[in-house]
Amino acid sequence: MGGRYCAPSVDERFHTATALAIRLGSDYVAHPAPPPSGAGGATLTSEESRTPLLALRGVSKCYGAVAAIVDTSIELFPGEVHALVGENGAGKSTLVKIIAGVHQPDTGELLLAGRDLVLRDPASAKDAGIAVIYQEPTLFPDLSVAENIFMGRQPLRAGRRIDGATMRDDAAGLFERLGVNLDPGRVCRGLSIADQQMVEIAKALSLNAKVIVMDEPTAALSVHEVERLFDVTETMRADGAAILFISHRLEEVFALCQRVTVMRDGRLVTSQLLAGLTADDLVRAMVGRDLAARTRTDHGTPGEAVLQVSRLTREGVFIDVSFEVRAGEIVALAGLVGSGRSEVARAIFGIDRSDAGAVTLRSRRLRPGAPTEAMAAGLAFVPEDRRQQGLVMDMSVQENVALASLARIRRGGLISSRAEGRFAAEWAKRLSIKAGRLTAPVSQLSGGNQQKVVLAKWLGREPVMLIVDEPTRGIDIATKGEVHSLLAQLAGRGVAILVISSELPEVLALADRVLVMREGRLIAEYDRAEASEERIMSAATGQLEASAG
Amino acid sequence: MIATLMTQHAASNDESLPSPRRLTETVFRMRESGIVVVLVVFVVVATSIQHRFLSESNLQFILVNTTVFALLALGETMVVISRNVDLSVGSVLGLSAYVSTNLFSQVHGMPIPVVFLVGIGIGLVCGSVNGAIVAIGRVPSLVVTLATLYVIRGVDILIVGGNEVVAQSLPNRFLAIPRKTVGGVPYIAIAVAIVIAAGAYYLRAYRSGRELYAIGSNPDGARLAGIQVGRRIFTAFAVSGAIAGLAGVLWAAQYETIDSSAGTGYELQVVAAVVVGGVAIFGGSGSAVGAALGALLLNTINTALNVLGVSPNWDSTISGSLLLIAIILDRLIAVRVANALRIRSAHRVS
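Just so you know, the protein sequences line up as chains A and B, in that order. Taking the working numbering, the leading residue of the first sequence gets 1, the next gets one more, and so forth. Taking the working numbering, the leading residue of the second sequence gets 1, the next gets one more, and so forth.
Calculated directly from the structure, the hints in this document are not laboratory data. Because the structure is a prediction, the values reported are computed rather than measured. Mixed in with the good hints there might be a few duds.
Cβ pair distances, simulated, as ranges [said to hold, decoys possible]:
#1 B:Gly-137 with A:His-224: 18 to 28 Å
#2 A:Gln-489 with B:Arg-231: 34 to 44 Å
#3 B:Val-139 with A:Ala-529: 54 to 64 Å
#4 A:Asp-106 with B:Val-335: 37 to 47 Å
#5 A:Pro-371 with B:Ser-48: 45 to 55 Å
#6 B:Gly-162 with A:Asp-106: 54 to 64 Å
#7 A:Gly-173 with B:Asp-220: 26 to 36 Å
#8 A:Glu-251 with B:Val-139: 46 to 56 Å
#9 B:Val-36 with A:Asp-106: 53 to 63 Å
#10 B:Leu-175 with A:Gly-173: 55 to 65 Å
#11 A:Thr-235 with B:Val-185: 55 to 65 Å
#12 B:Val-335 with A:Ser-124: 56 to 66 Å
Heads up, the beta-carbon is just placed ideally off N, CA and C, and yes, glycines get one too.
Could you put the whole structure together from the sequences, leaning on the hints where they help?
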């Protein structure tokens, strides 16, 4: 989010828009020009005259001083699936939250079928016929599946009492339409992400929503489940719904969507019909440049095994996972969200207790469920969610950096803030953390610098083995590069590194070896020469098994 | 190895593991019937040692004593289910008890229903203040109601001064309320049982009731689902207050002498009853019937110890231990259910 500020000058905007139009070629027309006619919309004849079901015009939203989206417009037409693509942090989620009524735009307007629409809260969005399926399903774990679908709209019988039997039947009917085998009477606690998503989709169906927003619905689904989702989406589209479909998988975008909007750094890059475009066009529009060749640095040959994981199992989460990481080696754990990647890392570090199997660090066996022991043995773990798990947001940069190394700084049980400052300054310099003062709260730093603080905190312990979950999520491209070269340097100094990442370019740029997980199992391993986006993706989505079996 | 593991799982899938729905139902039934079992055990043990325990007068005493706590537990259940807590109920009870019954000595021939309405009204005002601060100010209810616990008690002390309402100033018909029986059962216990049944039914069968569970189960999800979270939480606190006000009037009829210490410390006993009764302290599950049974259990135990001649000094220790056991049991059940559901859904996928 760093570097984007509210209220850009007109010059700056103009400059950006022109630059993009030039860079992207004539196919790409920067906002606010209308979509080019004759771009191949065979089924959509009277393009200009149709009214969009939902339109956002010139919408901007700032959080504090940081602009999440700037002057963005998007039009959703009935009977169309509209793809929204962009890198992490491009502003897609903010756009979704505005459509969902969670956030109100600072400027700009929303139009529903040509009329002004003001969404005060999620309830008013629901009333307007807008359903949002979030990336992380937002269900009530203690309540039944049927109640989750109909919450607030339960069928009633005499005396305004809830008609439980009808509600369960209705839910069963929805699941039948979706082709899902789910018991409407069971509680939601313990449902898989895919099933939770189906509950959310059933909810949207039951709402008869005219506008349906799907925020990365396929991220955690198997191939079969994705097909089912596509069928359902296609049916809803044919019924005249306007669907906004957010996905990182461009092949899905091309398979399902008619129109595409590309966002980058909070701004609209282009919004046009999809026909005639290629995946390369979209990628260029998303990253604003041609994908650079893999920018990896060599860091020498790996030494002996540091971490050995053997037959590690946590019932219902992952099964029989075995691998090793050698000194000076970067191993990436790839797979879809929900495939069990992060859970394996958590079990190795001891946050979650494994049910079977063993973790050995430098031939010392780690007790399951004992993170302190793992740390003492030289293991460091940089979690995925730095705000919640990695940092104490109200504490200063230097306190955060020193937090995991207090034993080293301590003198006679007391912590001198001068020693703390020296320690932090040393690491801030090594990682080139950009902070005004080291005593400033860490919450004031940009996402990229916060991530460096988390890394510094763990590197300060000089670990032999580092596990990093999503090392560059939500940080800008420049800092991303710095984090990557930092990890490579560490490996060069003999640290064994396990990286978990959803971003395949990152996996390919960093890893000496790539392990792919799918539905809780380790199903493929590629060395650096073999690894490619296609290979990893097809293994992660189950096409490997499909072709093998 | 994977293959054998999987076949083993597949084989055990359908027969040995109950469906999650049945599983949770079993747990619920277990929970409420569990309280009843403990209750019966206590009664049997107490009676075998001291047969007077089962006497009509003693049972009536227990039931009447429980009414106030069971009522408070109903209001507290509504609040706790929504992932909040109301610590001010004891103070509200005290204020309502004094101010409403003091009307008898101030206005000659004061109608009893008006006294009840005044008591409920006082509670409603106090509850609304709690609810407004929690819902609008988005302040944690633990802190808000801890503060109002002291403020309301303070107001009570200022109003009461050194006075007290004594039995002589209360009309006989009012004092008779807790003593009337229908076929040996105190009239008031039946009335309270009906109120609790109605409350439990409301929580189970009405949209706004279910929304309280939804809020407690996932507050952010509730907002996204378009539930008017603030309004619901406000209502829960207002109702809890009103019920505490009603309980205050009943308390006055029972104890006959009302000073500024009425209901002191009740809030924690009520929270204890609710938790022993199976309402999850972090919201989302539990029932008003369970909470009322929890109140009955704690009262029965106190009375049993009394009848058995155990020093009342033991009361707190035993109630506290029971609470600990209930919480540990809750945790064990929750972990087991979570594991069972986790393993089950894994099998469904594979």
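- Query: Lying within 54 to 64 Å: is that true of the beta-carbon distance Gly-162 (chain B) to Asp-106 (chain A)?
  - Reply: Holds - the Cβ-Cβ distance for Gly-162 (chain B) and Asp-106 (chain A), about 60 Å, lies within 54 to 64 Å.
- Query: So the hint says 53 to 63 Å: do the beta-carbon atoms of Val-36 (chain B) and Asp-106 (chain A) match that?
  - Reply: holds, 58 Å
- Honestly, do Thr-235 (chain A) and Val-185 (chain B) meet the 55 to 65 Å range at C-beta? holds, 60 Å
- Okay, Pro-371 (chain A) versus Ser-48 (chain B) on CB: inside 45 to 55 Å? holds, 51 Å
- Mind checking the hinted window 55 to 65 Å against the Cβ distance between Leu-175 (chain B) and Gly-173 (chain A)? Hint holds: Cβ distance 59 Å, inside 55 to 65 Å.
- Query: Is the hinted range of 46 to 56 Å satisfied by the C-beta distance from Glu-251 (chain A) to Val-139 (chain B)?
  - Reply: holds, 49 Å
- Task: Can you let me know if the beta-carbon spacing of Gly-137 (chain B) and His-224 (chain A) is within 18 to 28 Å?
- Result: At 49 Å between Cβs, range violated.
- Task: Go ahead and decide if the range 54 to 64 Å is satisfied by the Cβ distance of Val-139 (chain B) to Ala-529 (chain A).
- Result: holds, 59 Å
- So does Gln-489 (chain A) sit 34 to 44 Å from Arg-231 (chain B), Cβ to Cβ? Given about 55 Å between the Cβ atoms, the range is violated.
- Falls inside 26 to 36 Å, the C-beta gap from Gly-173 (chain A) to Asp-220 (chain B)? Holds - the Cβ-Cβ distance for Gly-173 (chain A) and Asp-220 (chain B), about 29 Å, lies within 26 to 36 Å.
- Query: Is 37 to 47 Å right for how far apart the beta carbons of Asp-106 (chain A) and Val-335 (chain B) are?
  - Reply: Holds - the Cβ-Cβ distance for Asp-106 (chain A) and Val-335 (chain B), about 46 Å, lies within 37 to 47 Å.
- Task: Could you check the hint for me, namely that Val-335 (chain B) and Ser-124 (chain A) are 56 to 66 Å apart, CB to CB?
- Result: Given range 56 to 66 Å: violated, Cβ gap about 40 Å.
Checked against the numbered hints above, the structure violates hints 1, 2 and 12; every other hint is satisfied.
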